[in-house]
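> The primary structure of each chain is shown beneath.
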Amino acid sequence: MVTATPTPKKKTNRLGLELPVYRGSKTTLCAGCGHNAISERIIDACFAMGIEPTQVVKLSGIGCSSKSPAYFLGSAHGFNAVHGRMPSIGTGALLANKNLVAIGVSGDGDTGAIGIGQFIHLMRRNLPIIYIIEDNGCYGLTKGQFSPTADVGSTLKTGVVNELPPIDTCALAIQLGATFVARSFSGDKKQLTAILKAAISHRGTAMIDVLSPCVTFNDHEGSTKSYAYAKSHEDPLEELDFVPYFEDIAVDYEPGETQEVTLHDGSRLYLKKLDERYDPTDKMQALRVLHETHERGEFATGLIYVAPMTDDFLTTLNLVDEPLASLPEDQVRPPRSVLNEIMASLA
Amino acid sequence: MPASDVAVEERPTTSSVEPVVNDFSIQVATVNGSGSQTANLVLLRAIFQMGVPVSAKNMFPSNIAGLPTWFTIRANKDGYVGWKKKTEILVAMNPETAREDVLNLDPGSVVVYDEPLKLDSVRSDLVFYPVPFNTLVGDVTREVTLRRRVRNMIYDGVLSRLLGVEIDQMEVALRKHFGNKVKVVAINRAALDAGYAFAEQHLEKRDPYRIEPMDENQGRILIDGNAAAAIGCLMAGVTVVTWYPITPSSSLCETLIDYLRKYRVDKETGKASFAVVQAEDEIAALGMAIGAGWAGARSMTATSGPGISLMGEFTGLAYYAEVPAVIFDIQRVGPSTGLPTRTAQGDVLTTAFLSHGDTRHPLLFPCSPEECYSMAINAFDLAERFQTPVFVLSDLDLGMNTWMSPTFAYPTKPMDRGKVLDAATLDRIGQFGRYRDVDGDGIPYRSVPGSSMPAYFCRGSGHNEWGQYSERADDYQKNVDRLLRKFETFRNWMPAPVVEINRKAKVGIIAFGTTHWAVVESRDQLRNEADVQTSYYRLRAYPFRPALASFIERHDRVYVVEQNRDAQMAILMRLELRAELSGRLRSILHYSGDPIDARTITDDILVQEGYRVHYSAADGVIPHDAGVGGE
Chain B
141 MVTATPTPKK KTNRLGLELP VYRGSKTTLC AGCGHNAISE RIIDACFAMG IEPTQVVKLS
201 GIGCSSKSPA YFLGSAHGFN AVHGRMPSIG TGALLANKNL VAIGVSGDGD TGAIGIGQFI
261 HLMRRNLPII YIIEDNGCYG LTKGQFSPTA DVGSTLKTGV VNELPPIDTC ALAIQLGATF
321 VARSFSGDKK QLTAILKAAI SHRGTAMIDV LSPCVTFNDH EGSTKSYAYA KSHEDPLEEL
381 DFVPYFEDIA VDYEPGETQE VTLHDGSRLY LKKLDERYDP TDKMQALRVL HETHERGEFA
441 TGLIYVAPMT DDFLTTLNLV DEPLASLPED QVRPPRSVLN EIMASLA
Chain X
258 MPASDVAVEE RPTTSSVEPV VNDFSIQVAT VNGSGSQTAN LVLLRAIFQM GVPVSAKNMF
318 PSNIAGLPTW FTIRANKDGY VGWKKKTEIL VAMNPETARE DVLNLDPGSV VVYDEPLKLD
378 SVRSDLVFYP VPFNTLVGDV TREVTLRRRV RNMIYDGVLS RLLGVEIDQM EVALRKHFGN
438 KVKVVAINRA ALDAGYAFAE QHLEKRDPYR IEPMDENQGR ILIDGNAAAA IGCLMAGVTV
498 VTWYPITPSS SLCETLIDYL RKYRVDKETG KASFAVVQAE DEIAALGMAI GAGWAGARSM
558 TATSGPGISL MGEFTGLAYY AEVPAVIFDI QRVGPSTGLP TRTAQGDVLT TAFLSHGDTR
618 HPLLFPCSPE ECYSMAINAF DLAERFQTPV FVLSDLDLGM NTWMSPTFAY PTKPMDRGKV
678 LDAATLDRIG QFGRYRDVDG DGIPYRSVPG SSMPAYFCRG SGHNEWGQYS ERADDYQKNV
738 DRLLRKFETF RNWMPAPVVE INRKAKVGII AFGTTHWAVV ESRDQLRNEA DVQTSYYRLR
798 AYPFRPALAS FIERHDRVYV VEQNRDAQMA ILMRLELRAE LSGRLRSILH YSGDPIDART
858 ITDDILVQEG YRVHYSAADG VIPHDAGVGG E
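Here the protein sequences come in this chain order: B and X. Note that my numbering numbers the first sequence so that position 166 is 306, with each residue one more than the last. Note that my numbering numbers the second sequence so that position 570 is 827, with each residue one more than the last.
Same shape as in the complex, but just chain X (with noise of 0.2 Å):
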């Protein structure tokens, strides 16, 4: 690599009078259950519609009420979705953290706050604009339960004003949000106003910081990666939906019985074309998702990694058995208490060989809600065609976060019901046997039951490819043989990586998943800040595609970035690259349960390029000093 000087870029301080145009954070940071998610997504939805590009995080504790939650939104002109830790604009409600809070940020950054908190005591190098919210709540109703529904709604009002969002946008929001409930948009319009109001009077702008009018969310929608995937789930036909709440992935299931009762109820009978049942536990959801799949339906899942742990055993089974399943894991960090709430990629070790035995199963990786989608509706096709359970890997910050998103295609290819055996192929194979390979692509046929198609017994590893018990070694291994040939087959049946070559580059990234977003960021971070240049591919499942190898081939070192701390994307193709290829994988590693920002990756790659990074007071860490340079 260049081992050149990179200059040392002196950034100008935020306390400067130049406007910063859509290109900043706000955090409100509240205490859950307060009731401030409305005020957050009308915030959020305004800006939006103003056609400036947008992304939220919520981050809250694994509790009803009464603790912290930081809901963030980023807005940036350039269209960058990925977190960010630093914030511009704290809203700073909590009481209990409004101090920390406030040190945390950077000199010049804002704050709007809760009067009685007196926070200007706390710094001198920020800009604090006090509101009384109980005063100005005051004036709005004098019912007690509706002041403390519409109190939030006031900083949106304070920061329409301050910011520039329009305050007719922000109705338009609370309309899409409260539907045709007239009085309740009325008094919370009339919070905003009484906030827009306030500042209008008593609050001089002493910051840079603006929201201005742009035109970049056409043919987009808001939604989170869980509604999306319930929405493909419904496009792609499900039948079957057994699941255990769990978060991170409750929604996906909660949203999809929405939508189910609303487009697969007859309307004139009343009856469903579906079925959903909430199981005991996470072992009963995927059991009844088997025996739905064994039967004929198309069936599913949703869980996150307590509940894969528990589904292991039957996970095994499914894949010796050969039926289909779809499950869906919303990633988020480790067992039992403790971080429920934040997100992670922890799962992708234990997905891909879950259960005992030799089992290798595909999963596929999701950035976006889009693909959430999308692939929704592959995995039941790919779960059907290959007779196996396919795991759709998600996680906390896609399912749960509110994303921008081109509008869904609606399916062009008809559904893919797989090798199901019926007359006319009973005729054409001959004799049915339940594991032959009559293809040669290792995908037997199967009959279902009830349809009057010759039957077999359905069990683990013991059979031969007549389906008949046996215990014998050389029909144990002909069949794990043949799951081997049927894995192989699917390989090029996943979708295709995302693969952005630049000639130019010594660098590859490889990511997967949400770490996306960050790492768009981070390339041009590094090209602008480094003159790093890179090439990037985007997994989309496991198995890989050969392209996997030529993309390392190409490139002297190759940086795997995933949100986990034992590099288990990276392990999982060291599995199958040779030894030249594998030694030139590093590891971006980020497990904070924070999303991963771009920063972050930048300034590791940078080290590991052997670039000298210092902190600056204004942007974390900046490029300095090219030092020894890559190998």
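This is chain B alone, in the form it adopts within the complex (with noise of 0.2 Å):
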């Protein structure tokens, strides 16, 4: 289908673009934070799948997370929204150009608290955008407070308590509709890496939640986001093997071990199950998967769900072929003849 990339001399990608073109500005977060951990593996990601970084669009709301945009893909266009708006600001901007590639980073307060009504009915659009929820459970930009992924009692590290149920926005991303959706853990290089490859390929909303410790107030023993926490109670579905459209690999798999997703842009996916039982395309087994993971304190990774064929929002809208945004005058202004059209409908 596209030519296979013999292995570079030089560490080039397909568009013969090296690493450090993906990169972005020198990060502002903590040292060792999750969040600067997922922008590395953003960048590994699009580099590997060959990008086109000005084709790019980032967004982002409020919090730290939203501020990690500026430190990946320097050569792309971004948009640090207002808080939990983001969606929104997306939706627009692929509206204008139904070709851009979207890449939104949200936070769990951005997305589950001021953001959780634009990020429900950006799963029910099914907009063409990865959405990743950099996830640690507080606001971090605000020192420390709860937000509404933190689990019951989970505390503070001024020692306070939970006393909520968190909002799992997994299992509520699958209810609404969306048609990829994932979790994972920024230690996780492999696992995430092979996530966001598999979600660029996807055409809709990818929703990756990946759990990303803040190391400065929510690190703490009694924390469930803690790194030590995370790494005691992951608990992957599968071993998640990226094959991208454009490489010509043979995979030899077990039939019945591995399932195999092809992915809309014929990139394909090889899961590895560790649960034999658990298939990504049957959402019922998604949300119990989700509940009994969380019943016993531990939390589900890998793909959690996919519809890979779905037909995503800009689809639907049937749109002309060149972007909205660049259509000239008279493509958007209709003839003389229209307007008299109307008026002698009025007179």
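It should be emphasised that the hints constitute simulated quantities derived from the structure, not laboratory data. Please read these numbers as outputs of a predicted model, since none were measured by experiment. All C-beta atoms in this analysis are idealised placements derived from N, C-alpha and C, irrespective of residue type, glycine included. Treat the hints with care, as some may be off.
Now the in silico label distances, taken between C-beta atoms and shown as ranges [stated by the list, open to error]:
hint: 1; chain 1: B; residue 1: Ser485; chain 2: X; residue 2: Gln734; range: 49 to 57 Å
hint: 2; chain 1: X; residue 1: Pro389; chain 2: B; residue 2: Ala484; range: 18 to 26 Å
hint: 3; chain 1: X; residue 1: His613; chain 2: B; residue 2: Val301; range: 29 to 37 Å
hint: 4; chain 1: X; residue 1: Gly595; chain 2: B; residue 2: Leu281; range: 16 to 24 Å
Two chains, two frames, a set of hints: combine them into the complex.
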């Protein structure tokens, strides 16, 4: 289908671009912040997939997470929206130019609290956007208050105990009609990179909740979003192998143990199941697994749910091929005869 | 001002047999949801087609069915189309309000009513025409649902006979309304005929009111302001429409959607050169419009006051990030439940300064459907030229009522897409800095995502002229000063006011939007009834032009007429005027939820000018005795 890239001498991708092109400005987040690791994985995935950076828009709301788009893909346009409203900015940008690759970065407060309304409707619309929640269970930029993804019984540094049940953004997204739902951990380099590549290949909303410990305010004992807790309670559903559409690689696998998912652009995802019953195209099973792992105090990671061939929002709008933003005047201003016809109908 | 006597003129009573031609109002009182709108629009259109200047106001409740509604048609040979409080002819179809409606009439008025209501027992000084609607409609059709639908058409037939509204013109109007639904037209025509025949046989004409043909409506159309704005958006080349339903703005987007589907879908491929999204709320609606504007589309949303409040934060972001968007605000009365279906001009200050921090936004004030159309086109050009949200402030009266209008002119200028960076420009300016004032007009160049031009990270106020994140004091201050410079630049790009200087006048009037129509009529009243000469400055935009100060300077007293309680436009002016000119401003304020009427303005100005006015049974208030005179 597409030329297989031979192993390059210098490390360039299929566009001939080198990795540094995909970097952004220097991070201003705390040393060791999980968000920085996620930015690195985004850089890796975009480089590996050969994404043209000038065709990417980076979108975010407000919070520590929402600062991070400045730290990757420096040659892409970015928009730091108001708190919780990144989905609407992303929707508008994609309406204007349906060819853009949209990467949105939000946080658990930005999504789960102030932005829950826009999040819900984004999931319903299946807008083609990669929506990453950098989830640390607290508000970092305002110094550590609980967010709506904090677990019952989890404590603040000050000892304050969270009494309210968490919002499971993955379960919510599945229920709302999202077509690609994954959960990962900022410390799981291999899994997160594979998920991000798969998300790039997906046409529709790819919702990825990434547990990303806040080293400053929420990494203590008593927190269920700390590094230690995440490491010991992560429950991967599968081992992921991603094969992009432009690489002609045959993968041997045992049927029954490994499930192949063909994504929208022809890329393939191989899921080596750790729980052999698990099928990420089964919505009810996905919801049950999320519920059961949560009951056990664990969190399931990996590709939780995918419906790769569902029409995305822009497709349903049946737009002309050229981006609306660059249509010339003669295609958007009707001729004089149209105005005359309308006037005649009102005379 | 001249403090001479004003003769007290006793008005002849309306029971006089002298015919009153093409100068009266017809009010139809019904229950909403009863299907009277067709009958009312047919009557309106028939009078319009007879060449008589006509206007309509629909007073309706925030409700789908079962509450009282009043539809008023004003025919006026002199072309006055503003609201008139007094009604000469009442069609009383609503049992609940009939008594009160009749009690509100002036002596000599006419009542056409549903016979069982027995309204002739309420008063003896009116002309009553009882009509047995149920009996008549029974002869038109046996089908119960059809009876309900065409029952109201009978009063059109009765009025046709009584007033001389040509029944053939009513049929033309019916055809216009129903298109080629032959059967529907036929049964409505039968109902018209039934009413006409009944009036011919049973009602002896005992009132002076008549419609006679004129030739005033050549080249005119009938349209509401929202539809006119929709046509403007269509012609402006809008590509992204994001909205949330709210009365009284919904019909703007709904009409636009109809036109876009008809005229902007490729006939061969079925593909659209536009995107419309009904958002989850007004916050998202504006967020999407801003996202689209940022990415290079011509984007818009339409809303009303409550939506404007929700859009506050995003408007501020778009102001600082310098993103174009067009926002239509079809103003209505205040928040939540109450009077959402009544008109007001109450969002002037809110929109001028919407959001937090130092923000100022350009506002356009259309007064007519024609201006809803032309200002819609202009708004997109201004938004892209100045890279900022532009508000078009219409109101319920303009947006939802039917108005006469000249036909709209096709745009003469090409679309102005503003300073969008391309390769040639980049060569010329050297290095791209998103917020650099290269041309000295305060307007920077912007690059659009996906265009392969240099990128920038778009964010709120914390950036330097290169678009980099900065919290430095000098960067921030330099930027807000440039934004002010940009604001000053667009003063002279905004639509110019329409100014009429009367050299003899010591009194000036300033108005905007729909208030204009009442002012036109009031100025004639002031001149004819009290010999008060006035000059007139019709504001069409904010920021104001320097001409505003010159106008005020020419006059001793300047009345700012507006439809809100707090003199919002006058306050906005006072922020810019020097104290001496500010002191010349006086306010005429109207804020009942009904449209402003000429009589209210005339009386208020006369009182403030020192005349004593007294109430006349015939015509509200007339001037009486020049009192202490003006200052």
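> Now, for every hint given, state plainly whether the structure supports it.
For each hint, the structure was consulted:
1. Ser485(B) <-> Gln734(X): 49 to 57 Å: Given a distance of about 54 Å, which is inside 49 to 57 Å, the answer is holds.
2. Pro389(X) <-> Ala484(B): 18 to 26 Å: violated, 40 Å
3. His613(X) <-> Val301(B): 29 to 37 Å: holds, 35 Å
4. Gly595(X) <-> Leu281(B): 16 to 24 Å: With Cβ atoms ~39 Å apart, the hint is violated.
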